[in-house]
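Trainee: Build out the structure end to end from the sequences listed, making use of the hints.
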Amino acid sequence: MDNGSIIIKLENITKTYPMGKRELTVLKGVNININKGELVAIMGPSGSGKSTLLNLIGCLDKPTSGTYYLENKEVSRLSGSELARIRGQKIGFIFQTFNLLSRLTALANVELAMTYVGGIDRQRALEALAKVGLSDRVRHRPIELSGGEQQRVAIARAIVKNPSIFLADEPTGQLDSHSGEEVISILTSLHAEHGITLVLVTHDINIASHCQRIIQLKDGEVVTEENV
Amino acid sequence: MKKWFSLFATVWLGLSTHKLRSFLTILGVVIGVASVITLMSIGRGSTASILSNIQNMGANLISIRPGSFTFGGVRGGMSQKLTIEDSQAIAQQVSNILSVSPSYSSNLQLVAGGKNTNSQVTGTTTEYMVVNNLKVTSGAFFSEDEYQRGSKVAVLGPNVAETLFSSTDPIGQQMRMGTIIVRVIGVLESKGAMFGSPDDAIFIPLTAMQQTVAQPRTPQGGRIVSSVSLTVSDSSQTQNVIDAITSLLRTRHHLAASADNDFNIMSTEEIANMMTTTTNTLTLLLGAVAAISLLVGGIGVMNIMLVSVLERTREIGIRKALGARDRDIWSQFLIEAALLSFVGGIIGVIFGWGISALIDSLGVMSTVVTADVVILAVSVSVGIGLFFGFYPAWNASRLNPIEALRSE
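These protein sequence lines are chains A and B, in that order. My numbering applies: residue 1 is where the first sequence begins, and numbers increase by one. My numbering applies: residue 1 is where the second sequence begins, and numbers increase by one.
None of these hints come from the bench; they were simulated from the model. The beta carbon of each residue, even a glycine, is placed where N, CA and C say it ideally should be. Be careful, since some hints might not be right.
Here are the simulated distance ranges between beta carbons [claimed, not checked]:
1) Ile6(A) - Leu24(B): 51 to 57 Å
2) Ile299(B) - Leu24(A): 21 to 27 Å
3) Leu295(B) - Gln89(A): 40 to 46 Å
Each computed DMTMM-like pair below joins lysine to aspartate or glutamate, with the alpha-carbon atoms no more than 20 Å apart [claimed, not checked]:
4) Lys36(A) - Glu226(A)
5) Lys62(A) - Asp326(B)
6) Lys62(A) - Glu403(B)
7) Lys131(A) - Glu71(A)
8) Lys135(B) - Glu146(B)
9) Lys28(A) - Glu182(A)
Mentor: Dropping the structure here:
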């Protein structure tokens, strides 16, 4: 694989949190490359550093040391507002708890993602909801939607910006198996049809098996990388 | 433009979700602004009415009273008093004077219309009417002829006429005043309520007064009066006239160069200035009291904004994950606070204005709402929103997105 198609390049990334007087090292020198259009699952036991790694990739946090290149641009030393701009333009988050604003309709939740990057475009928001099969639910509030539907709104919110990478943190963790399957099939079909890059954190080997590569983390280190 | 629109849409969303809370927050500011407007309008209103009353007293009026306004110190050597002779000397020797009128007031027993009361009676000259800008609604003021003959006639202030003769026409009625019987020949037009208003006075010729009251005399034999009032022919000469009278009276009263005046001269203008200063202080004081309630309202805004930030921690996390910069979050909450207090300010102005108008129309007090107070109150309320919203907004903008997303 040539360097041009590498979208995420993590070099010797460490992350340390102060815990009172001691320091807690969550990531101990992680090296990962992810190619454009790749579907990658990150697995590992609780406390292995999966979420921390995903937050770093999503520019919600900065590494303590090491270098992070996103689309060949170093982002590990950027300021808070530059990171915010990258989150807004290049990252599409999908959370375990959906993280929709409860007082907004599905449509308004999708439009919210455009508020901070370029401004609201209703037509695009409606198209994004159509892609996740929620055209008939645009005026519903999250409370009126099922868990699976809420997660699909969250996916629509991520795709509306047409981001460089999608980051999903246990996207099916709060869903029943049927809704979970639905969400996963939407994500895999987005990958198949639009060639999105998706990094997925999960406990579930069945979900991970949909991915092209599984990265196993343990105690803040990459233990295995296997292609499925 | 589009950006501003979406910012306001965001803010409106935040406020409209908690309508009751937003309303209660606004209420503090509403009350603060309304009380500022109302109290300031009362202050301004009393200043205006005092000024108009003073103008009613007569333009270019100068009044001289014995003694001085020095309080607190013991004053000796007060044997010299203001006399009719002083008044005559002023009329003859000081230029630019239109007319001079001495008057002597005394408390006398009155028996009239079946009522027996005590009242202040002022003995004066015909010129008094012109000097003090008095008008009669019925009858007439006493003439020069009546003054010279010492006619026992009286002119009543409207309040006195009402008290003594309630429903009957007072003109031509007899009343006993001390030891003499006088006939009412005129009733004055009302000049409005104020201290020493002629509305409450009874005027008779000084020559008639001397028939029932032994007018005190100075050791030199001068007939003592309570006050001398005069009008200046040219208002630009007021200060010169005051200076001329001062030096004339000092000479006549044999005051040493170092001694204080044993009389007090004031022009209408000076009285107006003094009153304005007093009422301005009062207005400021009222405004300050009201400003405290505005401050309390501002603290209310801050309180609510802090709660709101805490409650919307997760929302802030989501917005940050979606690309909101610190400054986007900051401006969202700051504008929310400013908008709350601005709306409160506007409603407060409407309420305050209404209350002022009500007070005015009920005739309790006269009120004046001025544009500067309105602008001040609204801008201060927005300023308070910005000031008290700053800290909560700053708190919100500094939230760590990861922790914010994890919060419930």
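Trainee: Now look at each hint and say whether the structure bears it out.
Mentor: A quick look at each hint next to the structure:
The beta-carbon spacing between Ile6(A) and Leu24(B), approximately 55 Å, falls within the hinted interval of 51 to 57 Å. Taking the beta carbon of each, Ile299(B) and Leu24(A) are about 40 Å apart, not inside 21 to 27 Å as hinted. Taken as a hint, the range 40 to 46 Å holds for the pair Leu295(B) and Gln89(A), whose Cβ atoms sit roughly 43 Å apart. Distance hint between Lys36(A) and Glu226(A) is fulfilled; the C-alpha atoms sit about 17 Å from each other, no more than 20 Å.
Taking the CA atoms of Lys62(A) and Asp326(B), the gap is near 16 Å; set against the 20 Å cutoff, the hint holds. Proposed proximity of Lys62(A) and Glu403(B) is supported: the alpha carbons are some 14 Å apart, at most 20 Å. Between Lys131(A) and Glu71(A) the CA atoms are separated by roughly 26 Å; this puts the pair beyond 20 Å, and the hint is violated. For the hint pairing Lys135(B) with Glu146(B), the CA-to-CA distance comes to about 18 Å; that is within 20 Å, so the pair holds.
For the hint pairing Lys28(A) with Glu182(A), the CA-to-CA distance comes to about 35 Å; that exceeds 20 Å, so the pair is violated.
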